Amino acid sequence: MSLAELTGGCCANGYARRGRVAQQRTKLLQGARCGCPPPCPSPVDDPVCGSDGLTYANECELRRASCRHQRAIAVASRGACDLCRGVRCELGARCESGVCVCPRDCPEGLEPVCDARGQPYANECQLRRASCQQGRDLGPARPCAGAGLDQDADGGSGDGCACRYGALCGPSGDCQCDIRCEPASPGAPRVCSTDGFWYPSTCHVQQEACRRQKDIRPADGPEVCAHGSPGRKGPKTCAQSAFGCCSDGVTPALGVNQAGCPSVCNCNRLGSLAATCDAQSSQCACKPGVGGLRCDRCLPGYWGLHRIADGVNGCSPCQCSPMGSVRDDCEQMTGRCVCKHGVQGMKCTECTETGARLGNHGCASSSPTGAGADRVASCEQCTGGPEEGGPVCGSDGNTYASACQLRQFVCRLQRNLTLRTSGPCEEGPSPTAGPVRRSTAHRDASLDSEFKGWLEGPGETLAGGFPPLSTRPTAATDGEQHLRARQLNTN
Numbered sequence: 001m002s003l004a005e006l007t008g009g010c011c012a013n014g015y016a017r018r019g020r021v022a023q024q025r026t027k028l029l030q031g032a033r034c035g036c037p038p039p040c041p042s043p044v045d046d047p048v049c050g051s052d053g054l055t056y057a058n059e060c061e062l063r064r065a066s067c068r069h070q071r072a073i074a075v076a077s078r079g080a081c082d083l084c085r086g087v088r089c090e091l092g093a094r095c096e097s098g099v100c101v102c103p104r105d106c107p108e109g110l111e112p113v114c115d116a117r118g119q120p121y122a123n124e125c126q127l128r129r130a131s132c133q134q135g136r137d138l139g140p141a142r143p144c145a146g147a148g149l150d151q152d153a154d155g156g157s158g159d160g161c162a163c164r165y166g167a168l169c170g171p172s173g174d175c176q177c178d179i180r181c182e183p184a185s186p187g188a189p190r191v192c193s194t195d196g197f198w199y200p201s202t203c204h205v206q207q208e209a210c211r212r213q214k215d216i217r218p219a220d221g222p223e224v225c226a227h228g229s230p231g232r233k234g235p236k237t238c239a240q241s242a243f244g245c246c247s248d249g250v251t252p253a254l255g256v257n258q259a260g261c262p263s264v265c266n267c268n269r270l271g272s273l274a275a276t277c278d279a280q281s282s283q284c285a286c287k288p289g290v291g292g293l294r295c296d297r298c299l300p301g302y303w304g305l306h307r308i309a310d311g312v313n314g315c316s317p318c319q320c321s322p323m324g325s326v327r328d329d330c331e332q333m334t335g336r337c338v339c340k341h342g343v344q345g346m347k348c349t350e351c352t353e354t355g356a357r358l359g360n361h362g363c364a365s366s367s368p369t370g371a372g373a374d375r376v377a378s379c380e381q382c383t384g385g386p387e388e389g390g391p392v393c394g395s396d397g398n399t400y401a402s403a404c405q406l407r408q409f410v411c412r413l414q415r416n417l418t419l420r421t422s423g424p425c426e427e428g429p430s431p432t433a434g435p436v437r438r439s440t441a442h443r444d445a446s447l448d449s450e451f452k453g454w455l456e457g458p459g460e461t462l463a464g465g466f467p468p469l470s471t472r473p474t475a476a477t478d479g480e481q482h483l484r485a486r487q488l489n490t491n
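Read in order, the letters of the sequence shown correspond to residues 1 to 491 in full-length UniProt numbering.
Don't read these hints as lab results, they were simulated from the structure. Fair warning: this is a prediction, and the values are worked out from it, not measured in the lab. Think of the CB as a built atom: it goes at the ideal place given N, C-alpha and C, for glycine as much as any other residue. Hints may be right or wrong, so weigh each one.
[Unchecked claim] Label pairs and their calculated CB-CB ranges:
| id | residue 1 | residue 2 | range |
| --- | --- | --- | --- |
| 1 | Thr334 | Lys214 | 24 to 30 angstroms |
| 2 | Gln280 | Arg212 | 25 to 31 angstroms |
| 3 | His306 | Ala116 | 30 to 36 angstroms |
| 4 | Pro143 | Gln381 | 39 to 45 angstroms |
| 5 | Arg85 | Ala188 | 41 to 47 angstroms |
| 6 | Ala80 | Pro186 | 52 to 58 angstroms |
| 7 | Ser51 | Gly423 | 46 to 52 angstroms |
| 8 | Pro143 | Ala72 | 27 to 33 angstroms |
| 9 | Glu387 | Asp105 | 48 to 54 angstroms |
| 10 | Ala80 | Pro189 | 28 to 34 angstroms |
| 11 | Ala80 | Pro143 | 35 to 41 angstroms |
| 12 | Lys214 | Arg117 | 18 to 24 angstroms |
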């Protein structure tokens with residue numbers, strides 16, 4: 001009699017379900033009884049917070065408590081309850097020891113789902129992880145159109161990025177893969193895929209689909225690989241590649257003398273997207289905001305290489321205030337910017353003196369008298385000419401006519417905005433929360449008056465002041481925006 005049979009007869013009958021197991025005393029069903037799991041092995045200090053609000057020494061002790069008290073108790077978070085009490089994690093992150101972290105371990109199974117914009121993912125866990133790592137809401141998981149991952153090139157991310165199969169868009173718009181697979185253990189069965197190749201594991205199939213941006217899945221049977229497919233005869237391994245295998249016996253070498261192999265590249269595990277590198281330049285593929293030949297440091301203006309271990313997808317922009325900071329870069333461990341005299345805050349956005357105003361030259365009194373009158377905070381004047389360059393995208397998701405006018409907007413309204421990218425903002429949902437105003441009446445009453453004060457300023461005319469070219473967070477039609485522009489010019 002099997003344990004499964006005993007479980008069906010005893011532990012599934014409503015008497016002892018919470019974590020109990022069937023313990024066979026005789027070969028007869030009547031001789032079986034249900035009991036809690038045995039005492040946990042040697043103490044493991046890995047505290048978890050239960051859904052009952054209590055802290056347990058480890059997950060094993062939580063399951064035993066659930067069984068003893070016959071209550072459903074699940075792991076609410078890792079670490080003691082006090083550390084995560086009051087911590088609210090968003091975008092699929094979970095609290096661990098008081099810190100919100102992105103999901104790390106997702107199953108390899110292919111159960112394709114798509115996000116709100118049609119971007120496909122291998123399963124729902126990977127969608128949540130991508131949402132968390134990118135810092136934006138990708139929407140609920142939904143069935144993919146057609147055959148799920150079989151989307152055409154137009155079924156990309158919806159924000160100008162057409163990368164699929166788990167790839168991320170790099171800074172230059174190329175698709176970069178961050179799928180890492182452990183070497184297969186000796187003797188492990190290989191996986192036959194729909195492209196007619198054999199792979200060490202399912203993870204390697206997903207990795208290849210991501211790398212080639214092609215729909216590749218485990219085949220229903222080995223006959224696809226056994227007999228080959230058009231253009232491919234028999235199994236495909238690294239030994240059959242042009243330059244043979246790398247020293248790990250799995251990865252195909254990309255050039256002679258092990259060129260491009262992990263042992264030669266030494267790509268930084270945190271900052272790189274893959275263990276291999278370019279066979280000619282030895283340049284590793286870096287995550288966003290990461291630089292260096294081996295992807296071992298943040299680019300100028302970025303910080304936090306160590307935070308990638310906690311689920312952050314690359315180095316983060318410093319976002320130092322262009323008016324309050326001394327330079328664009330920041331402290332690598334904390335992201336703190338270097339402030340001008342009289343300016344404070346992580347990003348140098350606050351004046352130390354009460355009533356002072358942050359301008360292009362730091363903080364100064366907004367209404368000085370006497371000898372200090374020449375220190376009145378003034379904002380940069382923009383001409384709107386071609387010498388100021390083209391449009392730029394601000395961190396609020398709005399497009400501005402030039403970097404000068406973005407700085408002027410920041411100065412006039414004392415907003416904490418930074419330049420996100422050169423060129424206009426991409427269409428679609430902005431990853432940075434902006435001033436969302438869903439009511440046009442609310443915009444007429446507040447935003448327009450705000451723009452009016454910004455445009456005219458103290459003792460100035462409309463000349464030299466320009467509102468953002470695009471305010472995408474506002475659900476207004478082109479006609480409404482044109483009408484408001486006329487209202488601004490007539491007020």
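Requested in this report: Check each numbered hint against the structure and report the violated ones by number, ascending.
Outcome: Hints 1, 2, 4, 6, 10 are the ones this structure does not satisfy, whereas the remaining hints hold.
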